[in-house]
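J.: Mapped onto our numbering, the consecutive letters of the sequence shown carry residue numbers 718 to 766.
Do not take every clue at face value.
What the hints assert, rightly or not - Taking CB as the label site, the calculated pair distances span: (1) Glu738 <-> Ile763: 23 to 31 angstroms; (2) Ile740 <-> Gly760: 25 to 33 angstroms; (3) Gly756 <-> Ser735: 26 to 34 angstroms.
Claimed, not checked - With a Cα cut of at most 20 angstroms, we get these calculated SDA-like pairs of lysine to any residue: (4) Lys759 <-> Glu743; (5) Lys759 <-> Gly741; (6) Lys750 <-> Ile740; (7) Lys750 <-> Ala739; (8) Lys759 <-> Glu748; (9) Lys759 <-> Arg742.
Treat the hints as calculated values from the structure; they're not laboratory data. The beta carbon of each residue, even a glycine, is placed where N, CA and C say it ideally should be.
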Amino acid sequence: MSEIIILRNCDETIDAVSIEEAIGREIGFSELKDALVYGFKKGLEIENN
Numbered sequence: 718m719s720e721i722i723i724l725r726n727c728d729e730t731i732d733a734v735s736i737e738e739a740i741g742r743e744i745g746f747s748e749l750k751d752a753l754v755y756g757f758k759k760g761l762e763i764e765n766n
């Protein structure tokens, strides 16, 4: 069974995307955490000190 991630837009409409359907496999919480941290660091150009 796919987990559903809910994304809320500014106009209060709700869109949902299944990570499993988007990438074609299930992922664990640690893999999701690592991907989010990497994405925010790259997007915000944060360097490790």
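J.: Determine for every hint whether it applies to the structure shown.
T.: Against the structure, the hints come out as follows:
1. Glu738 <-> Ile763: 23 to 31 angstroms: holds, 30 angstroms
2. Ile740 <-> Gly760: 25 to 33 angstroms: violated, 18 angstroms
3. Gly756 <-> Ser735: 26 to 34 angstroms: violated, 18 angstroms
4. Lys759 <-> Glu743: Violated: Lys759 and Glu743 sit about 24 angstroms apart, past 20 angstroms.
5. Lys759 <-> Gly741: With Cα atoms ~24 angstroms apart, Lys759 and Gly741 exceed 20 angstroms; violated.
6. Lys750 <-> Ile740: OK: Lys750 and Ile740 at ~16 angstroms, within 20 angstroms.
7. Lys750 <-> Ala739: Holds. Lys750 to Ala739 sits at ~17 angstroms (cutoff 20 angstroms).
8. Lys759 <-> Glu748: Cα-Cα ~16 angstroms, so holds.
9. Lys759 <-> Arg742: violated, 24 angstroms
Violation of the numbered hints given earlier is confined to hints 2, 3, 4, 5, 9; the remaining hints are satisfied by the structure.
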